[in-house]
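Quick mapping for you: the protein sequence lines, in order, are chains S and P.
Residue 585 in the working numbering sits at position 585 of the first sequence, with consecutive numbering throughout.
Residue 1100 in the working numbering sits at position 100 of the second sequence, with consecutive numbering throughout.
Bear in mind the hints are in silico, worked out from the structure with no lab data behind them.
Among the clues, some could well be false.
[Said to hold, decoys possible] Calculated pairs, SDA-like style, for lysine to any residue (alpha carbon to alpha carbon, straight line, at most 25 Å):
| no. | chain 1 | residue 1 | chain 2 | residue 2 |
| --- | --- | --- | --- | --- |
| 1 | P | Lys-1283 | P | Gln-1239 |
| 2 | P | Lys-1068 | P | Pro-1177 |
| 3 | P | Lys-1271 | P | Asn-1247 |
| 4 | P | Lys-1248 | S | Phe-458 |
| 5 | S | Lys-771 | P | Ile-1246 |
| 6 | P | Lys-1029 | S | Phe-696 |
| 7 | P | Lys-1283 | S | Phe-458 |
| 8 | S | Lys-64 | S | His-124 |
| 9 | S | Lys-127 | P | Ile-1246 |
Since this is a predicted model, take the numbers as computed values, not measurements.
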Amino acid sequence: MARDNNKTQVVGHSPRKVDGVGLVTGTAQYVDDIKIQGMLYAGILTSPHAHARIKEIDISAAEKLPGVMMILTYQNTPRVPHTTAGQGFPEPSPYDSYMFDSKVRYVGDRVACVAAESETACRHALKKIKVEYELLPAILDPRKSVEENAPVIHDEKDSSGIHDASRNIAAHYEAELGAVDKALSKSDIKVEGEFRVQYAQHCPIEPHVTISYLDDRNRIVIRTSTQVPFHCRRIVAQCLQIPEQKIRVIKPRIGGAFGAKQEILLEDLCAYITLKTRRPVRIKYSRKEEFISSRTRHPMIVKMKIGANKDGSLQAMDQDVLSNTGAYGSHSLTVLTNVGSKTLPLYWCDNIRFRGSAVYTNMPVAGAYRGYGGTQGSYALQVLMDELAEKLKIDVLDLQRKWHIRLGQTHPMSAALGEGKEGHENPIHSCGLDACMELGAEAIGWKEKRNQAKKGRFRRGVGMAALMQGSGIPNIDMGAARIKMNEDGSFHLFMGATDLGTGSDTILAQIAAETLGVPVEKILVYSSDTDMTPFDVGAYASSTTYISGGAVHKAALDCRTKILQVAGEILGGDPASLKVENGVVTAANGKKTSYDKICQRALYSRNQFQIEGIGSHTSPVSPPPFASHFAEVEVDMETGKLRVLDYVAACDCGVAIHPKMAEGQVEGSVANGIGYALSESLYFDEHGRCLNPSFFDYKILTSLETGCIRAILVPTYEPNGPYGAKSVAEININGPIPAIANAVYNACGIRLYQTPFTPESVWRSLKEAGKI
Amino acid sequence: MSLSSFSYWQALSVPDALKILHNEQQQVKLLAGGTDFTVQRKEGLWQDKHILDIWKTKELDYIRESGKSIQLGARTTMDELIDSAVIRKYAKPLHLAACVFASPQIRNRATLGGNINNASPAGDTLPALFVLNAKLKLSSAKKDRLVPIHEFFLGPRKTLLQPNEMLTEIIIDKLDPKYQSDFYKLGERNAVAIAIVNLAVCRKIDPRSHKVTDIRISYGSVAPTVIRAPQTEQLLLHQTLTESLINKAAERAQSEVSPISDVRASADYRKEMSASLLKFLLKNNRS
Ligand SMILES: Cc1cc2nc3c(=O)[nH]c(=O)nc-3n(C[C@H](O)[C@H](O)[C@H](O)COP(=O)(O)OP(=O)(O)OC[C@H]3O[C@@H](n4cnc5c(N)ncnc54)[C@H](O)[C@@H]3O)c2cc1C
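With the rest of the complex left out, here is chain S (with noise of 0.2 Å):
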């Protein structure tokens, strides 16, 4: 697509959500909104133990109680090797789960499954399931899992895709350009550091629920608040051993979701009890179940290695990845490669590696995660460019400036290593990183505060980071849309696109709205429902905007053609020569039709069709969006306190659709990442119970921490987006875990290789390094 020299009317403004006022008038439904007559609710009990088989399971006394219909377990259900994570078919995710198995492998794992006629009659039959487990040693410790004699995890012989299942790896990945060793041991200067990221959940305010009825076709319906209705079909007839044609998903409104729901995990069990009941039945977690037993961020070790010489060259960079998958191996190589492939190309390099397992434990699974490896992979590479600019004595932002990619560059560690395999040749298209480091360093106030004095009890420094992530998964991701015209001069826009709260709704109307030449209000969206729109992969990898923003405007643009066809006959012109304002058209000779016109005519009276629009589109390469992130904190040297002072995200996502809703997205992930780097984190005893399931001791930032989140958008052009736009959903949440670690070395001398950064860890790395 070339670039639109003529100023856009509707892309580039912030028009008003167009679920907006049914969201905030409370008229919007969503999935637990609605109750339908003789509804079933079902309950899930979970494991007690990390690690052990089910020898006896008694369900009769919990059947016997009044209002129960329905108890699953492993003996009365399909067992259907698949995996629990949407991904594209074939999914690069081991198939290691079970609807139930004999065996369970974490505190919170699936055991059984009660339906009954009210919620409390569901929980005390699920009280009444007695369970007689043989307990079997636990990993907890990822480091552990490869060991010799450790106990094998996944030792079921049903199961595939497991790298190497007796050694409890679920996945590996290794990718080398030039010779990193050589070129290490040949290298002036090198920095290297050994990088921890703990366990974190995703906190959407709505948790996972779904309810599943039969339509009038005896047709399974399945409302259900996730980020991939299209997986979740596919997903749900492979589970229940049934055609997709049996299946209808909808998704109504959605209360966030971050990577959670990106994973089927009640839609299966819920679809199965309405095919064997006849009845419709809800199912939704607690909050507890929320964080234990739905999906959380990979844990990782990632050692890393720099090697330069004293002029700032780069001459390696080493990056060793252990990654904790949990119980199961959702998303588990395409997170793990993704540490190294959202990150490594960010600078020149001759010689790079990236080496990396994902283990499995007797611990929560981890599963897709906004920033999805970008997060833990940009903690070590950006502390280990602050600690390499330290030792060459050189501002940091001078050595980043030096080395990163740029316009017109081609990396070839993206074609090494993508997205959980080799990965595609992806030259740049649009690159504003020296613009979102001028503009960043500028509004923190970067070289007065870098370099003031450090004295007393509160000391403050600046840090900052460098980012890049990816918009979509090159010829992987797919997004169709086609777009109908009324009678009126409106349309309809369906589309499989998924809109979680991200208000991709609203940016793909736009993109329609701008293609059309008309104004936002004359598109009514309708969206993600398998029997209604076209397909769409769903609402991940950073894609919409650009992968299924492309569908629109391909559909946009086929119905324009169609459209301008039809004005053509009616004014007596070339459609070529046709100009669209407002939904009027205009001939060359000042003749005008409007819109509402032309398809009465189309409709009603001449060469009689309806004017529609299709469009498919997938893209051979993924276009970075580019940021720069300063922290400026605050650090007490008694207590180890940290305060974020000031954040300044600038962010290149080239033509932000709608300024507004994108700089909330970076907002928005800052807050998360500030959260997850101070102290979001899930803690767990000695038998892999969780401590801390409740919004109590689970930390998420209130407003009062997240003090001042500064969005900058840099606009560039992306000439491979629609109307130049690339992502803006994931990167953000990278940068303050590096950013904050940054500042806080510039605070007080120490260097954090652990998160998160605790009043009591950020006091002991103070006690360690003897500063207090």
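We have chain S; now place chain P with the ligand onto it with these hints.
For chain P with the ligand alone, kept in the frame of chain S given last:
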């Protein structure tokens, strides 16, 4: 919540409430703002109890000043404490504790009586009440009795309160303007966080001799109940607050606390913080 049936009373006056307590004896659980009770009931506690709601017992909602003391009704909320000029002037640690308490929403509901009777070792108003020499008026249908706050707590969630009693009033000493007093809460985040350590201090220093004429130190979250630190106080009394004395006092304080490790912090860290926060408050000359 649960299937079991229970009675619910709303008391509009203190005699009403005491009568119900008298008649029902063991079976009743008092409910004030409900910010502890509802959370705990959801977790399975108090399922077998009837509920006596005193939120609407307006006669328990007051802050009165008389002579050398202040009387507070048990139903006074954190928000009311923050807004009270009397508390700000004469009971600064209590004012500061209320300011860092939970979040604005909770502060509208959370009562002083509830914070005391929940008997958590981390309760934020408790160290403040300890240094203000609070006395608790425990009332039953038959009689009232006054209990000094340091005798009231027996352990986490255990107090001297009898089943037929309720707390009606809290009486605290006014701190005259010659006192310097302070409260500090160390938490993992600024809002809605249970304290890792909290600490209240008040002291009076003779302007001529610069000697300490009165000192009271109280800690929360570092022992099974909130505690005073009597040995540390002894060490400082009648002395001049030099740097080396303050360091000694901080060391002594560490031996007076007996914290545990939990998800919020380790015992170690709490111990160290008991010392360093005390140093900080003693060196701090804020009045
Ligand atoms: C989100 C959240 C954040 C919180 N943050 C904090 C915090 O920062 N600091 C802190 O200290 N606490 C905090 N708490 C705990 C709680 O808010 C306080 O303990 C509060 O003061 C309790 O008061 P209440 O009126 O809500 O008590 P209720 O829940 O009504 O009662 C608490 C207990 O006291 C008893 N009780 C109440 N009134 C009387 C009375 N007059 N006589 C005898 N017994 C009585 C009840 O029977 C019950 O056992 C928090 C709670 C929540 C939910």
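So which of the earlier hints does this model not fit?
-> 9
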